[in-house]
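Chains A and B, in that order, are what the protein sequence lines are.
Note that the working numbering gives residue 357 to position 357 of the first sequence, counting from 1, and the numbers run on in steps of one.
When you read off a place in the second sequence, starting at 1, and then add 430, the result is the number in the working numbering.
Because the hints were derived from the structure by calculation, they are not lab data.
Hints are supplied without guarantee of correctness; some may be wrong.
Claimed, not checked - Which chain B residues face chain A? A few, computed with CB under 8 Å, are given here:
1. Val-518
2. Val-557
3. Thr-560
4. Gly-563
Unchecked claim - Below, simulated EDC-like cross-link-like pairs (lysine to aspartate or glutamate); rule was C-alpha separation at most 20 Å, straight line:
5. A:Lys-214 <-> A:Glu-80
6. A:Lys-386 <-> B:Asp-523
7. A:Lys-131 <-> A:Asp-199
8. A:Lys-386 <-> B:Glu-514
9. A:Lys-123 <-> A:Asp-391
10. B:Lys-597 <-> B:Asp-523
Backbone N, C-alpha and C define an ideal beta-carbon position, used for all residues, glycine too.
Residue strings, one per chain:
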Amino acid sequence: MDAWVPGLIALLALLFAGVPIAIAMGLVGAVGLIVIIGPQGALAMVGQTIFDTGLSYSLSVVPLFILMGNFVTRAGLSDELYAACHAWLGRRPGGLAMATAVACGGFSAVCGSSLATAATMGKVALPQMRKYRYDDSLASGVIAAGGTLGILIPPSVILVIYGVTTQQDIGKLFVAGIVPGLIGILCYMGAVRVVCALDPEKGPRGPLVPMAEKLRATRGVLGIMGLFVLVIGGIYVGAFTATEAAGMGAFGAFLIALARRALTLRILGEILAETAATTTMMFAVLIGALVFANYVNIAGLPDDLTSFATGADVPPFVILLGILFVYLLLGMVLESLSMVLLTVPIFAPLIGSLGYDLVWFGIVVVIMTEISLITPPVGLNVFVLKTVLPDVPVGTIFKGVMPFILADILRMVLLLAFPVLALGLPTLMG
Amino acid sequence: MNANDALHSHQTRRPFAARLPAICAGLLNVIAGILLFTMMLLTVVDVIGRYIFTAPVPGAFEATEVMLVLIVFVGLPIVTARNEHVSVLLFYDRTPPFLQAILRMGARVLMAFGLGVASWLLYHKAVELTSYGDTTVILRIPLAPVAFAMSALCAIATVVAAIAVFKRSEEA
Numbered sequence: 001m002d003a004w005v006p007g008l009i010a011l012l013a014l015l016f017a018g019v020p021i022a023i024a025m026g027l028v029g030a031v032g033l034i035v036i037i038g039p040q041g042a043l044a045m046v047g048q049t050i051f052d053t054g055l056s057y058s059l060s061v062v063p064l065f066i067l068m069g070n071f072v073t074r075a076g077l078s079d080e081l082y083a084a085c086h087a088w089l090g091r092r093p094g095g096l097a098m099a100t101a102v103a104c105g106g107f108s109a110v111c112g113s114s115l116a117t118a119a120t121m122g123k124v125a126l127p128q129m130r131k132y133r134y135d136d137s138l139a140s141g142v143i144a145a146g147g148t149l150g151i152l153i154p155p156s157v158i159l160v161i162y163g164v165t166t167q168q169d170i171g172k173l174f175v176a177g178i179v180p181g182l183i184g185i186l187c188y189m190g191a192v193r194v195v196c197a198l199d200p201e202k203g204p205r206g207p208l209v210p211m212a213e214k215l216r217a218t219r220g221v222l223g224i225m226g227l228f229v230l231v232i233g234g235i236y237v238g239a240f241t242a243t244e245a246a247g248m249g250a251f252g253a254f255l256i257a258l259a260r261r262a263l264t265l266r267i268l269g270e271i272l273a274e275t276a277a278t279t280t281m282m283f284a285v286l287i288g289a290l291v292f293a294n295y296v297n298i299a300g301l302p303d304d305l306t307s308f309a310t311g312a313d314v315p316p317f318v319i320l321l322g323i324l325f326v327y328l329l330l331g332m333v334l335e336s337l338s339m340v341l342l343t344v345p346i347f348a349p350l351i352g353s354l355g356y357d358l359v360w361f362g363i364v365v366v367i368m369t370e371i372s373l374i375t376p377p378v379g380l381n382v383f384v385l386k387t388v389l390p391d392v393p394v395g396t397i398f399k400g401v402m403p404f405i406l407a408d409i410l411r412m413v414l415l416l417a418f419p420v421l422a423l424g425l426p427t428l429m430g
Numbered sequence: 431m432n433a434n435d436a437l438h439s440h441q442t443r444r445p446f447a448a449r450l451p452a453i454c455a456g457l458l459n460v461i462a463g464i465l466l467f468t469m470m471l472l473t474v475v476d477v478i479g480r481y482i483f484t485a486p487v488p489g490a491f492e493a494t495e496v497m498l499v500l501i502v503f504v505g506l507p508i509v510t511a512r513n514e515h516v517s518v519l520l521f522y523d524r525t526p527p528f529l530q531a532i533l534r535m536g537a538r539v540l541m542a543f544g545l546g547v548a549s550w551l552l553y554h555k556a557v558e559l560t561s562y563g564d565t566t567v568i569l570r571i572p573l574a575p576v577a578f579a580m581s582a583l584c585a586i587a588t589v590v591a592a593i594a595v596f597k598r599s600e601e602a
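Produce the entire structure from the sequences given, and follow the hints as far as they go.
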């Protein structure tokens, strides 16, 4: 039996028993290394990983982008963003739900987390949609699905982690996420349109808004647009590295929150403490995953996979579909960061050897992760939304999410058929 | 309840020992917050210095690295105390109560054990770094104290996790 098989089994057993992911991956990885290379080398390696992982300049983007998202959330920019989308789209059938999809996309442009996007937009958009008698399942479904855009439209915490584990340029990954993110918004709007065409009762028309009012509402999104242009524009033209962009973005968001009088010293302290705690949680998982990755690498799992794939007489595309299927299954049970950290070190060498582009694959992985956030039984976005909207049953949200999962699958097919959708912009970047 | 709430409630008229965890949590939160805010400002000053005064902050990236690692480990006792480490609860939530108690106990023992091992490994790393006298390249920040701090914070988290082993309920 291969040296990685018992490790994978032990890991899954511990995870399903409810052992924290970081500890499960770290302990299994450490034990595996001890068995293969002996205690002295193994423990030195594990100690080095624990010490080194946080000492990383490129990973400092993670807390800075989380901080930016937290400032933006507290600044209340989401209300104005939604008001603007509402003003432009509300009059159409299902228009408020479409406005929600667009507003989620807009919020994703300054926030790197899907859960935060869903929670924030849920608080803003749901009361409005209820006011205009939107169906609860459509309303909550579009928020849960729209929230997933948080990790695709840059900045994105998941893309940073992907970039660090595969040694791809984080700036390029961010830029590659833009077009698929926009397609995501369009697909979600299309899904709303189809749902409302089948049953117009689900999404009645909103009020007529005069042009002057529309223009006035649009001014409210200037802050978010400015921040996005500063951060992603700065990366695109090469003015900033990803870390610098994150620092500037966090500072910009801090100034916006300050200017809007949303900050007291106490609130600032809370935002900072919350950001630091999130950072710790993510790095604990990251360190555990790196120890585990060391073990599976030494045990030869990526090599075994690659030789299996190149030895098997099937086209690369079939192997890619197999990998996507694995993501679909894992996505149903694992939390997104752990799924990415667990799978990417194993699959990336294989994907590279098949001749696929690793920036493109990063976007593919993120879209699979987005789908995992809204598929039952553990669609995390659905549960986050549930905490914001306690009176909507989980089943209703899952039902409402279905059309958007179909839209995601359509988007995935487009991305597989036309990799240029992801790779076009980063290529222009040079 | 998060550490901030813990800090601001039940503050009055309780013995010092009972308030100690909340005080520690508050202190660690403040340290992590200051480090994070400084890290943000340092990046901004570095960028502005480079573009406007063509004078970037020397060694800014090294300082950022050290601050990042400290933020991560300062948060460790807090996240552990709040039981906020990411877990897969799909199956755990569906097991019968008696089994849940066993699984919860097992998970907490492993948590304390894992953190303890990490602390011990970091201590050895720190001793090793002391003997080499390793520093960062530009700022010459000595790395041994950083590793000792990481080890100590990990040890505090171990204690927190070990105490949680002996608690009955869901709360940590």
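Hints, verified against the model:
{"no.": "1", "hint": "Val-518", "in the structure": "5 Å, holds"}
{"no.": "2", "hint": "Val-557", "in the structure": "11 Å, violated"}
{"no.": "3", "hint": "Thr-560", "in the structure": "13 Å, violated"}
{"no.": "4", "hint": "Gly-563", "in the structure": "16 Å, violated"}
{"no.": "5", "hint": "A:Lys-214 <-> A:Glu-80", "in the structure": "12 Å, holds"}
{"no.": "6", "hint": "A:Lys-386 <-> B:Asp-523", "in the structure": "17 Å, holds"}
{"no.": "7", "hint": "A:Lys-131 <-> A:Asp-199", "in the structure": "18 Å, holds"}
{"no.": "8", "hint": "A:Lys-386 <-> B:Glu-514", "in the structure": "19 Å, holds"}
{"no.": "9", "hint": "A:Lys-123 <-> A:Asp-391", "in the structure": "13 Å, holds"}
{"no.": "10", "hint": "B:Lys-597 <-> B:Asp-523", "in the structure": "19 Å, holds"}
In terms of the numbered hints stated before, the structure departs from hints 2, 3, 4, listed from lowest to highest.
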